[in-house]
Structure formats: structure tokens, C-alpha cells
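4 protein chains.
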Amino acid sequence: MVLYYSHVKAGEEGHQKVVINSICSYNKERTDNIMKIALINENSQAAKNAMICETLRKVVEPMGHEVFNYGMYTAEDEHQLTYVQNGILAAVLLNSGAADFVITGCGTGEGAMLACNAFPKVLCGHIESPLDAYLFSQVNDGNCVALPFAENFGWGGELNLEYIFEKLFCTPGGGGYPKERVVPEQRNKKILDEVKTVTHADLCDILPKLDRELCKGALSGEKFREYFFANCKCDKIAAAVKEIIGEN
Amino acid sequence: MVLYYSHVKAGEEGHQKVVINSICSYNKERTDNIMKIALINENSQAAKNAMICETLRKVVEPMGHEVFNYGMYTAEDEHQLTYVQNGILAAVLLNSGAADFVITGCGTGEGAMLACNAFPKVLCGHIESPLDAYLFSQVNDGNCVALPFAENFGWGGELNLEYIFEKLFCTPGGGGYPKERVVPEQRNKKILDEVKTVTHADLCDILPKLDRELCKGALSGEKFREYFFANCKCDKIAAAVKEIIGEN
Amino acid sequence: MVLYYSHVKAGEEGHQKVVINSICSYNKERTDNIMKIALINENSQAAKNAMICETLRKVVEPMGHEVFNYGMYTAEDEHQLTYVQNGILAAVLLNSGAADFVITGCGTGEGAMLACNAFPKVLCGHIESPLDAYLFSQVNDGNCVALPFAENFGWGGELNLEYIFEKLFCTPGGGGYPKERVVPEQRNKKILDEVKTVTHADLCDILPKLDRELCKGALSGEKFREYFFANCKCDKIAAAVKEIIGEN
Amino acid sequence: MVLYYSHVKAGEEGHQKVVINSICSYNKERTDNIMKIALINENSQAAKNAMICETLRKVVEPMGHEVFNYGMYTAEDEHQLTYVQNGILAAVLLNSGAADFVITGCGTGEGAMLACNAFPKVLCGHIESPLDAYLFSQVNDGNCVALPFAENFGWGGELNLEYIFEKLFCTPGGGGYPKERVVPEQRNKKILDEVKTVTHADLCDILPKLDRELCKGALSGEKFREYFFANCKCDKIAAAVKEIIGEN
Chain A
59 MVLYYSHVKA GEEGHQKVVI NSICSYNKER TDNIMKIALI NENSQAAKNA
109 MICETLRKVV EPMGHEVFNY GMYTAEDEHQ LTYVQNGILA AVLLNSGAAD
159 FVITGCGTGE GAMLACNAFP KVLCGHIESP LDAYLFSQVN DGNCVALPFA
209 ENFGWGGELN LEYIFEKLFC TPGGGGYPKE RVVPEQRNKK ILDEVKTVTH
259 ADLCDILPKL DRELCKGALS GEKFREYFFA NCKCDKIAAA VKEIIGEN
Chain B
59 MVLYYSHVKA GEEGHQKVVI NSICSYNKER TDNIMKIALI NENSQAAKNA
109 MICETLRKVV EPMGHEVFNY GMYTAEDEHQ LTYVQNGILA AVLLNSGAAD
159 FVITGCGTGE GAMLACNAFP KVLCGHIESP LDAYLFSQVN DGNCVALPFA
209 ENFGWGGELN LEYIFEKLFC TPGGGGYPKE RVVPEQRNKK ILDEVKTVTH
259 ADLCDILPKL DRELCKGALS GEKFREYFFA NCKCDKIAAA VKEIIGEN
Chain C
59 MVLYYSHVKA GEEGHQKVVI NSICSYNKER TDNIMKIALI NENSQAAKNA
109 MICETLRKVV EPMGHEVFNY GMYTAEDEHQ LTYVQNGILA AVLLNSGAAD
159 FVITGCGTGE GAMLACNAFP KVLCGHIESP LDAYLFSQVN DGNCVALPFA
209 ENFGWGGELN LEYIFEKLFC TPGGGGYPKE RVVPEQRNKK ILDEVKTVTH
259 ADLCDILPKL DRELCKGALS GEKFREYFFA NCKCDKIAAA VKEIIGEN
Chain D
59 MVLYYSHVKA GEEGHQKVVI NSICSYNKER TDNIMKIALI NENSQAAKNA
109 MICETLRKVV EPMGHEVFNY GMYTAEDEHQ LTYVQNGILA AVLLNSGAAD
159 FVITGCGTGE GAMLACNAFP KVLCGHIESP LDAYLFSQVN DGNCVALPFA
209 ENFGWGGELN LEYIFEKLFC TPGGGGYPKE RVVPEQRNKK ILDEVKTVTH
259 ADLCDILPKL DRELCKGALS GEKFREYFFA NCKCDKIAAA VKEIIGEN
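Residue numbers (the numbering used here), protein chains in the order written: chain A, 59 to 306; chain B, 59 to 306; chain C, 59 to 306; chain D, 59 to 306.
I should point out that these hints are in silico values taken from the structure, not numbers from a laboratory. Please read all numbers here as calculations on a predicted model, not as lab measurements. The C-beta atom is built at its ideal place from N, Cα and C for all residues, glycine as well. Hints should not be assumed to be uniformly reliable.
Stated by the list, open to error - In the DSSO-like style, the derived pairs of lysine-lysine whose C-alpha atoms are separated by at most 30 Å in a straight line are: (1) Lys-267(C) <-> Lys-247(D); (2) Lys-294(B) <-> Lys-267(A); (3) Lys-294(D) <-> Lys-281(C); (4) Lys-179(C) <-> Lys-237(D); (5) Lys-179(D) <-> Lys-294(C); (6) Lys-237(B) <-> Lys-281(B); (7) Lys-179(C) <-> Lys-267(D); (8) Lys-116(C) <-> Lys-294(C); (9) Lys-94(A) <-> Lys-294(A); (10) Lys-94(B) <-> Lys-267(A); (11) Lys-274(C) <-> Lys-274(D); (12) Lys-300(B) <-> Lys-248(A); (13) Lys-247(C) <-> Lys-247(D); (14) Lys-294(A) <-> Lys-237(A); (15) Lys-179(A) <-> Lys-247(B); (16) Lys-281(B) <-> Lys-248(A); (17) Lys-274(B) <-> Lys-300(B); (18) Lys-247(C) <-> Lys-267(D); (19) Lys-179(B) <-> Lys-294(A); (20) Lys-247(C) <-> Lys-179(D); (21) Lys-294(D) <-> Lys-300(C); (22) Lys-94(C) <-> Lys-291(C); (23) Lys-94(C) <-> Lys-300(C); (24) Lys-267(A) <-> Lys-237(A); (25) Lys-179(A) <-> Lys-116(B); (26) Lys-267(C) <-> Lys-116(D); (27) Lys-248(D) <-> Lys-267(C); (28) Lys-281(B) <-> Lys-247(A); (29) Lys-267(B) <-> Lys-267(A); (30) Lys-179(A) <-> Lys-179(B); (31) Lys-248(A) <-> Lys-267(B); (32) Lys-179(A) <-> Lys-237(B); (33) Lys-94(B) <-> Lys-281(B); (34) Lys-116(D) <-> Lys-179(C); (35) Lys-116(C) <-> Lys-237(A).
Unchecked claim - Covered by chain C, according to a simulated footprint, are these stretches of chain D (three or more residues, beta-carbon under 8 Å): (36) 132 to 146; (37) 182 to 188; (38) 195 to 202; (39) 221 to 228; (40) 251 to 262.
Given the sequences, and given the hints that come with them, work out the whole structure.
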């Protein structure tokens with residue numbers, strides 16, 4: 059029987075690790091369903107960030123949710139993010155509790171989706187339509203979505219975004235579709251969560267092993283420090299992040 | 059029993075492990091672009107398996123590819139797969155080289171996509187249209203796609219599938235879209251591959267830690283033994299699989 | 059200069075005709091934006107009528123609109139409608155003011171759309187998504203939509219319908235998209251209305267010339283008499299209809 | 059000047075008129091399935107004309123079809139077309155046999171579709187996807203499609219166009235979907251054709267009654283004279299067109 063993950067360093071014992079993990083494992087609880095929603099854009103679609111953010115705020119702020127725009131803010135930003143870095147940043151925000159939900163994307167949404175799902179505790183849907191949004195929210199109950207901000211994004215694209223956000227957040231996630239299927243659907247979701255605790259390393263073990271420049275770049279956006287440290291609920295991840303980006 | 063990852067730093071038993079890993083790490087090479095394509099269906103859409111398989115064969119066999127239908131074959135199959143198990147099975151096939159590409163899906167495609175992407179060396183796109191298929195193939199160069207077999211699947215659904223398969227396989231993956239962007243797109247793909255070697259455990263470490271019944275069930279389809287062992291290129295994964303499902 | 063339509067019968071003079079026309083030309087005015095919305099289903103998708111009607115009512119009744127379900131009600135209805143007959147029925151309802159807006163469709167929506175647009179004073183959009191719905195409503199300001207009730211209609215299809223109805227009716231038609239384009243968009247709509255007064259015969263001239271059984275069948279649904287005569291605002295069309303289906 | 063329709067009842071000068079009509083009614087026969095395909099763009103999407111035309115040629119020329127690009131060619135063309143004018147031009151080309159099939163569209167495709175369908179002998183589908191294209195071709199067997207050149211037209215939009223053209227023309231129209239439904243589907247198509255002979259005026263009666271500037275503008279594109287008169291198969295329509303645009 060395995061009591062600890064394989065990524066413990068030599069010399070660490072299982073028991074100690076469990077204790078450490080219990081400190082850092084932020085347990086997402088969307089209390090009152092009010093969420094901190096983070097927006098992350100990569101470089102190819104950065105010019106759309108303001109429009110996306112405005113659309114998101116328009117839909118979710120009246121519901122009580124709070125939006126944190128982590129950028130990129132314009133195509134000319136000094137700190138550029140690739141879709142792989144979107145995954146790193148999304149993972150840091152979700153694993154630490156700095157965000158309850160992440161909105162991201164890229165040209166097609168596929169790259170950002172792949173990158174996000176490479177990480178522990180991130181369940182990132184790929185969403186093209188309002189129906190996708192509702193079904194993903196109710197059936198899969200993920201904490202992240204990746205959207206195509208270029209493919210199929212034409213005249214009225216901001217309206218389609220708006221409709222997607224409406225259906226993604228119109229009711230708390232995990233309610234089941236159809237509602238009478240909620241029990242097996244939630245069961246599968248929880249089994250997947252369990253599987254991911256086995257298939258992924260712990261984020262605090264991952265961060266130092268990633269390419270340093272790649273990782274540092276993901277965590278160096280103009281507002282990252284301000285938003286992240288004010289909202290991070292996990293000291294261990296905060297420390298791991300400081301280790302990478304420096305104290306100040 | 060293996061208790062550590064391949065990304066352990068030098069000095070942490072890395073050398074021995076690297077040797078072991080080098081035996082098992084099947085390096086996907088789509089030689090001549092002829093691929094072994096596996097089809098995996100979960101229980102909710104199992105009734106469509108024959109139609110999906112026929113459509114897939116119609117498109118890819120004339121290209122020289124070979125299709126392996128791992129089921130489920132009907133809604134009444136004795137061996138049932140959930141979408142989480144699709145992920146386990148896809149990971150075993152792709153990590154071992156028993157398949158070069160996996161076609162899977164579920165009601166919306168999201169669950170199967172999440173499950174597949176939870177595993178190392180699986181890059182699973184979520185594909186709704188022929189355009190999605192082509193862009194994912196050319197930009198992201200993944201080795202797996204998850205399709206919605208119920209959502210938006212109505213009259214003519216098998217035609218849309220056919221068109222998706224056509225565009226997914228019309229040209230070797232990773233060619234870039236537009237073609238002049240191939241270099242940065244492939245660079246990002248390789249960076250993501252690297253990141254995934256850090257964020258995921260090795261499959262041979264994962265399999266024994268998964269819930270035994272869940273994992274065994276994923277590897278117990280009617281044709282699994284026949285197809286898998288005839289095509290598996292990694293002794294270590296073959297051994298890990300035998301450990302779970304028994305010798306015969 | 060042409061003072062009258064070409065479909066005036068020999069012996070009718072322009073002036074008299076204008077008088078006659080002023081009696082019968084029901085001028086759609088969505089007063090207070092409260093509309094009578096008619097639902098029309100053809101035979102291939104008749105089994106979905108109850109679901110479509112329920113979804114429509116759920117969305118539009120809280121807005122104050124009134125729904126008239128003209129059937130078909132089930133696949134087994136004695137009175138069957140083809141998509142061509144949907145066009146005849148829609149034209150009778152819209153030209154007479156018995157309905158302000160018609161929801162129809164068929165397998166793909168194309169047949170019903172073609173049939174509706176063959177008639178005067180019917181501007182029927184072909185709508186596949188909520189974005190289609192909103193843009194058609196705001197840009198084209200039509201009075202009819204044809205939906206695909208089989209193509210792309212799968213799991214969650216009723217939700218996509220609901221979202222389409224929401225965006226079709228969320229604001230009065232013809233508001234412009236983007237709003238600052240309302241003037242040229244309305245200008246084009248009115249030019250098209252003018253063109254249609256030239257390209258089509260008057261409905262009262264059309265009805266008697268259509269195949270009698272085809273036309274009678276279109277106007278013989280179980281509830282047609284009840285709903286139509288209670289809401290028809292044009293004596294001339296009412297008389298033409300009676301001529302075809304008989305007095306009682 | 060013709061003041062009456064072809065559907066006048068016997069005794070109302072019908073005989074004489076039928077004779078006239080028999081001269082002009084070009085009966086579309088796609089001999090050997092080789093077609094003259096006309097492309098028509100309106101002002102809002104004129105900048106995409108070259109790309110659309112290139113994509114169309116790429117797909118249909120190897121099939122043996124011939125493409126006639128009637129413009130607009132750029133957003134700055136001296137002769138501007140609105141979507142209403144697209145309908146006039148499409149009707150002239152299709153009724154006269156100068157084209158066997160028309161590709162048109164606008165921002166959403168709805169305006170161009172409405173305008174085309176306002177005219178006799180034009181059956182214009184609204185096509186958003188390759189599946190739409192195939193089903194419309196096989197089920198409805200129309201002679202015109204209107205595409206959304208702005209809505210949902212983003213990165214890879216030209217690929218989606220290409221796929222649409224592939225499926226629209228991959229096999230002769232009217233083959234039925236599924237094939238065993240060809241008889242009732244063709245029956246409905248022919249009934250609709252019959253209905254349209256009743257609901258619309260004859261094109262030669264329509265043209266002189268349209269707003270003169272509107273109509274003249276529709277027929278004044280840079281290449282119209284060259285392409286139209288070389289391919290027109292109906293002397294009566296050619297004469298009606300000359301009446302509007304002048305002899306040279």
C-alpha cells in the first residue's frame with residue numbers, strides 16, 4: 059500500500075508529507091457560490107483581453123463573482139505568456155485558492171486546454187458554445203475553461219462569449235445534466251479527481267522542476283504579485299512561487 | 059515496485075531509473091505516417107461504436123492506417139468503460155506504442171478529454187468540427203481526440219464524424235497552421251511535452267496506484283488482450299498491465 | 059410609374075386596389091412588443107413538438123408573449139404537414155396578423171426556411187445558434203425563423219433551443235447590431251420589404267392558385283380554425299382561407 | 059410591358075403569355091454535372107472576395123466547374139452591392155441560365171439568403187458548416203447558398219469555406235439523404251418549385267418594377283456585362299437587363 063506520492067524527496071517520510079500536504083491542499087469551496095474568477099490570455103490573442111474581461115465582468119459581477127485579470131493585457135505587453143504558461147499560471151491560481159475558476163484560451167482553445175489539464179487539480183473544459191458551457195459546468199464540474207479566441211471568432215464573437223459566460227455560471231457547477239443524473243456524474247467527477255491525485259505530481263514539486271525561465275515568465279505578469287499574494291490561501295505554494303520569482 | 063518519478067534529480071537513484079525508463083519509453087514515430095489508430099467508447103455512447111468504427115475505417119484505411127476497435131461495442135457489453143477508464147486505456151495504448159493515435163469521446167467529449175489529458179504523454183484535443191480537427195492536428199499535433207458523440211449529434215452526425223476524420227488525418231500532424239507558423243507552434247508543442255514529463259508521474263508508477271478495480275476494468279475489454287499484447291512496444295508497460303489483469 | 063401590382067385582375071383599377079389592399083394589409087406592429095408567436099412543425103420532426111412548445115413557452119411567456127401551437131403535435135397526427143405546407147401556413151398567419159412571429163423548422167431547417175421565404179411578407183431566418191438568433195433579430199428584423207430540429211440536435215438540444223429563443227426575443231427586433239449600425243441595417247430591411255412587394259404575388263391571389271389539397275392540408279390542423287379565426291386581422295385573407303377549407 | 063403573371067387562369071390571356079414564357083424559361087440542366095458557378099459578394103464583406111474566390115476555384119475547378127466572379131472585388135469598388143442587390147443579381151443569373159449555381163453571402167448570410175429567396179427559381183440555402191452544405195445539396199437540391207462571411211469567421215475561416223465547398227459539390231445535388239429518402243425529398247423539392255411558380259412574379263415582370271437605381275446597380279459590376287451576356291441563355295431576360303442597364 060502506498061501512503062505517499064512518488065515525488066517525495068529522498069529522506070521525506072510519508073507521515074510528514076501528509077502533514078505538509080494538509081497545510082497546502084487548498085480545498086476549493088465555492089462558499090455561497092461566490093467565486094474569484096481569473097482571466098488569463100496568451101500572446102496570440104492578447105489584443106482581445108480588454109474585450110474578454112469586460113464581457114466577463116458584465117456577466118459575472120452581477121452574480122457576485124469577482125474577476126481578476128491576470129493578462130496579458132495587450133499584444134505589446136512586456137511580459138508575454140504562451141499557452142503553456144497559461145497552464146502554469148492557472149495551476150498556481152487554482153491549487154493555491156487564489157482563484158476558484160480560471161477563464162483562459164488561445165487561438166483555438168486547444169493549446170491552453172492541454173496545458174491546463176497537464177496540471178494537478180485543474181479540470182479545464184474546451185468550450186465553443188453556450189451549450190458546451192452549461193453541460194461542462196453541470197456534468198463535469200470543472201474549474202477552468204479554455205476558449206477559442208480566434209477560431210470561429212468573428213462578427214458578434216463577443217456576444218457568443220457573453221452567452222458562454224452566462225451559461226457557464228448561471229447555476230452552481232455540478233448540478234447534473236439532466237438533473238436526475240447528478241449522482242453518477244458527480245461520482246465520475248470524483249473518481250477523475252482521485253485519478254488525477256495519482257497521475258500528477260504535487261504542484262509544489264512541479265514548480266521547481268519546470269524550466270526556470272518558462273515558469274518565472276508565467277508568474278511575472280504586471281498584476282500577478284498584487285492579485286496572487288492577496289488571494290493565495292496556501293503558504294506552501296506562496297513560498298514555492300516566491301522561490302521562483304523572488305521576494306519582491 | 060517503483061516509488062519515484064523519472065524526473066528525480068541526479069543522485070536520487072536517477073541513473074538506474076533512467077535506464078529502466080529508456081527501455082519503456084516508446085517514442086512515437088509515425089513512420090511513413092502509417093498509424094495504428096485505436097477507438098475507445100465509454101458506456102453512455104457505446105451503442106454508436108459500430109457506426110463510429112465503420113466511419114473511421116472508411117476514412118483512414120484507404121490512407122493506410124490500421125484501426126483497432128477496443129470497444130465498448132454495444133451498450134450491453136459485459137465490460138463497461140466509464141470516461142475515466144477511457145483515459146486509463148488511452149494512456150496505456152499511447153505510452154506503450156500499442157496505438158499511435160486514439161479516438162475517444164463521451165456524451166460531450168469533455169469527460170473523456172479530461173481523463174485522457176490527466177495522463178503522461180497523452181495530448182487529447184476536444185474536437186467538434188472538421189476545422190477543429192485540422193487545426194488541432196496541425197497546430198497542436200496531439201495523439202488523441204475526444205469527440206462529442208451525443209451533444210450536437212443528430213441527423214447526419216455520422217457525416218460530421220466522417221468529415222472530422224478526413225481533416226484530422228488528411229496530412230501528417232504538426233505541419234503548422236498556417237504553414238509558416240510551424241516553427242513556433244512545434245516549439246510550443248515540445249515545451250508542453252517537456253512540461254508534461256514534469257507534471258505527470260510515469261505510467262508504470264501510476265497504474266499500480268490507481269484503484270485496482272477501476273484500472274483492471276479499463277484493461278479488460280473483450281479484445282484488449284489480443285490487440286494490446288500484439289502491438290505493445292514497451293515490455294515494462296506490458297508487465298505492469300499483466301500485473302493488473304493477470305497473466306491470461 | 060406602376061401604381062398597382064401585376065397580380066390585379068383585369069378590370070381592377072389601381073385606386074380600387076389600394077383601397078382593398080388597405081383593408082387586408084395587416085401592418086405588423088408589435089405593440090408594446092407583445093407578440094403572438096405561432097409554432098409550426100412538419101411531419102419529420104413532429105414528435106418533438108411538445109418539447110419545442112414547452113421550451114418556447116418557458117422563454118417567451120414570462121416576456122408577455124403568447125404562444126399558439128399550430129402543430130403537428132405528434133408524428134401520428136391525422137393532419138400531416140410537409141415543410142412546404144409550413145410555408146403556406148406561416149404565410150397565412152403572418153400576412154393576416156394572426157401571428158406576429160412564426161417559429162418553424164424541419165430536419166435541417168432549410169426546407170421550412172425556403173418554403174416560408176417563398177411567400178410575401180415573410181422574412182424567415184435560418185437559425186442554428188443563439189448568436190444567429192440575436193443577429194438575425196437585430197440586423198434582419200424578420201418575422202419567422204426555421205430551426206434544425208434533427209441536424210445537430212442531440213443531447214441538450216432542448217437547451218440550445220432555449221438559448222436560441224432567449225436571444226431571439228431578449229429585445230425587440232431591428233435594434234441593430236452593433237447598435238450604431240441600426241440605420242443602414244433598417245434601411246436595407248425596408249428595401250428588401252419593398253422588393254418583396256414586387257417579387258411576390260399577393261397572398262390572396264396565391265392561395266387559390268396553389269394545389270388545392272396541398273393548401274387545404276396546410277390549413278387543416280386540429281387547432282387551426284380555433285386559433286386562426288380568433289386572431290386573424292384581415293377579412294380578405296380570412297375569406298380566402300374559408301374559400302379553401304370551407305365555412306366550418 | 060407585361061402586367062400579369064404566368065399563373066393567370068385560362069382565359070385571362072394565358073395562352074399568349076405561356077408562349078412568351080416558354081421562350082424565356084431557361085430550364086436548368088446541369089448537363090454532366092458541369093456547372094457555371096457565380097460568386098457574388100456584397101459590400102460589407104467585399105474585402106474577402108479574392109480569398110473566397112480562390113478557395114472556391116481550388117475546390118470546384120478540378121471537378122470541372124467554371125467560376126464566374128461577379129464581385130464586389132474589394133471594399134473600395136466603385137460599384138457597390140448591398141445584400142438586397144445580391145438577390146437581384148443571383149436571380150438574373152439563375153433565371154437566365156447565365157449561372158447554374160450561385161455562391162453568395164453577407165455578414166451572417168441571412169440577408170443575402172432572404173434576398174435571394176425573394177425571387178422566382180432561386181432556392182438559396184443558409185450554410186454554416188460542411189454538414190449543412192451536404193444536407194442542403196442532397197435534400198433540398200437548391201441552386202444557391204448564402205454563407206456567413208463575418209459571423210463565426212475567424213482564424214481558419216477560409217478552411218471552413220473550403221470544407222463547405224467540398225461537401226456542397228462532392229456529388230450532384232438532389233441525391234437524397236439518406237439515399238433511400240431521395241424520392242420523397244425530391245417530391246417535396248418539386249412541390250416547392252411549383253409553389254414558387256405561384257408565389258413569385260416572373261423575373262421579366264419583376265425587373266422593370268424594381269427601384270431603377272437599385273436594380274441597375276445590381277447589374278453594373280465591372281465584369282457583369284462580359285460574363286452575363288456571354289452565358290445568358292434567355293433572350294427575354296437579356297433584353298430586360300439591357301432595358302435597365304442600357305445597350306452598352
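Outcome of the hint check:
The suggested pairing of Lys-267(C) with Lys-247(D) holds, with an alpha-carbon distance near 18 Å, which does not exceed 30 Å. Restraint check for Lys-294(B) and Lys-267(A): satisfied, since their Cα atoms lie roughly 25 Å apart, inside the 30 Å limit. Of the supplied pair hints, the one linking Lys-294(D) and Lys-281(C) is violated, its CA atoms being roughly 46 Å apart against a limit of 30 Å. For the given pair, Lys-179(C) sits about 35 Å from Lys-237(D) by alpha-carbon distance, which is inconsistent with the 30 Å threshold.
Note on Lys-179(D) and Lys-294(C): the hinted pairing holds, with a Cα-Cα distance of about 28 Å set against a maximum of 30 Å. This hinted pair does not check out: Lys-237(B) and Lys-281(B) have alpha carbons roughly 39 Å apart, beyond 30 Å. At roughly 17 Å between alpha-carbon atoms, Lys-179(C) and Lys-267(D) fall within 30 Å of each other, so this suggested pair holds. As the CA atoms of Lys-116(C) and Lys-294(C) are separated by approximately 34 Å, the hinted pair breaks the 30 Å bound.
Restraint check for Lys-94(A) and Lys-294(A): the C-alpha separation of about 20 Å stays at or below 30 Å, so the hint holds. With a C-alpha separation of about 33 Å, the suggested pairing of Lys-94(B) with Lys-267(A) is violated against the 30 Å cut-off. Between Lys-274(C) and Lys-274(D) the CA atoms are separated by roughly 40 Å; this puts the pair beyond 30 Å, and the hint is violated. The suggested pairing of Lys-300(B) with Lys-248(A) holds, with an alpha-carbon distance near 27 Å, which does not exceed 30 Å.
Restraint check for Lys-247(C) and Lys-247(D): satisfied, since their Cα atoms lie roughly 28 Å apart, inside the 30 Å limit. This hinted pair does not check out: Lys-294(A) and Lys-237(A) have alpha carbons roughly 38 Å apart, beyond 30 Å. A distance of roughly 22 Å separates the Cα atoms of Lys-179(A) and Lys-247(B); the hinted pair therefore holds under the 30 Å criterion. Straight-line distance between C-alpha atoms of Lys-281(B) and Lys-248(A) comes to about 28 Å, which keeps the hinted pair within the 30 Å bound.
Taking the CA atoms of Lys-274(B) and Lys-300(B), the gap is about 10 Å. The hint holds against a cut of 30 Å. Of the supplied pair hints, the one linking Lys-247(C) and Lys-267(D) holds, its CA atoms being roughly 18 Å apart against a limit of 30 Å. The hinted pair formed by Lys-179(B) and Lys-294(A) meets the criterion: a straight-line CA distance of about 28 Å does not exceed 30 Å. For the hint linking Lys-247(C) to Lys-179(D), the alpha-carbon distance of about 22 Å falls within 30 Å, and the restraint holds.
For the hint pairing Lys-294(D) with Lys-300(C), the CA-to-CA distance comes to about 39 Å; that exceeds 30 Å, so the pair is violated. The straight-line distance between the Cα atoms of Lys-94(C) and Lys-291(C) is roughly 12 Å, inside the 30 Å bound, and the hint therefore holds. Between the alpha carbons of Lys-94(C) and Lys-300(C) the distance comes to roughly 22 Å, so the proposed pair stays at or under 30 Å and holds. The hinted pair formed by Lys-267(A) and Lys-237(A) fails the criterion: a straight-line CA distance of about 42 Å is larger than 30 Å.
Our distance criterion of 30 Å between C-alpha atoms is broken by Lys-179(A) and Lys-116(B), whose separation comes to about 39 Å. With a C-alpha separation of about 45 Å, the suggested pair Lys-267(C) and Lys-116(D) falls outside the 30 Å cut-off, and the hint is violated. Restraint check: the Cα-Cα separation between Lys-248(D) and Lys-267(C) comes to about 16 Å, which is no more than 30 Å; the hinted pair holds. A distance of roughly 27 Å separates the Cα atoms of Lys-281(B) and Lys-247(A); the hinted pair therefore holds under the 30 Å criterion.
A C-alpha spacing of about 23 Å is found between Lys-267(B) and Lys-267(A), which places the hinted pair at or below 30 Å, so the restraint holds. Under the criterion of a C-alpha separation no larger than 30 Å, the hint pairing Lys-179(A) with Lys-179(B) is consistent with the structure, at around 18 Å. Note on Lys-248(A) and Lys-267(B): the hinted pairing holds, with a Cα-Cα distance of about 16 Å set against a maximum of 30 Å. With a C-alpha separation of about 35 Å, the suggested pairing of Lys-179(A) with Lys-237(B) is violated against the 30 Å cut-off.
Among the hinted pairs, Lys-94(B) with Lys-281(B) is consistent with the structure: their alpha-carbon atoms are about 15 Å apart, no more than 30 Å. As the CA atoms of Lys-116(D) and Lys-179(C) are separated by approximately 39 Å, the hinted pair breaks the 30 Å bound. A hinted pair counts as satisfied when its Cα atoms are at most 30 Å apart, and Lys-116(C) with Lys-237(A) qualifies at roughly 18 Å. By the rule of at least three residues with a Cβ nearer than 8 Å to a Cβ of chain C, the coverage given for the stretch 132 to 146 of chain D holds, with 5 such residues.
Counting residues of the stretch 182 to 188 of chain D whose beta-carbon sits less than 8 Å from any beta-carbon of chain C gives 4, enough to reach three: the coverage restraint holds. Using a Cβ-Cβ cut-off of 8 Å, 3 residues of the stretch 195 to 202 of chain D lie near chain C, which meets the minimum of three, so the contact claim holds. For the stretch 221 to 228 of chain D, the stated coverage by chain C is not satisfied: 0 residues place a CB nearer than 8 Å to a CB of that chain, which falls below the threshold of 3. With 7 residues carrying a beta carbon less than 8 Å from a beta carbon of chain C, the stretch 251 to 262 of chain D meets the three-residue requirement, and the given coverage holds.
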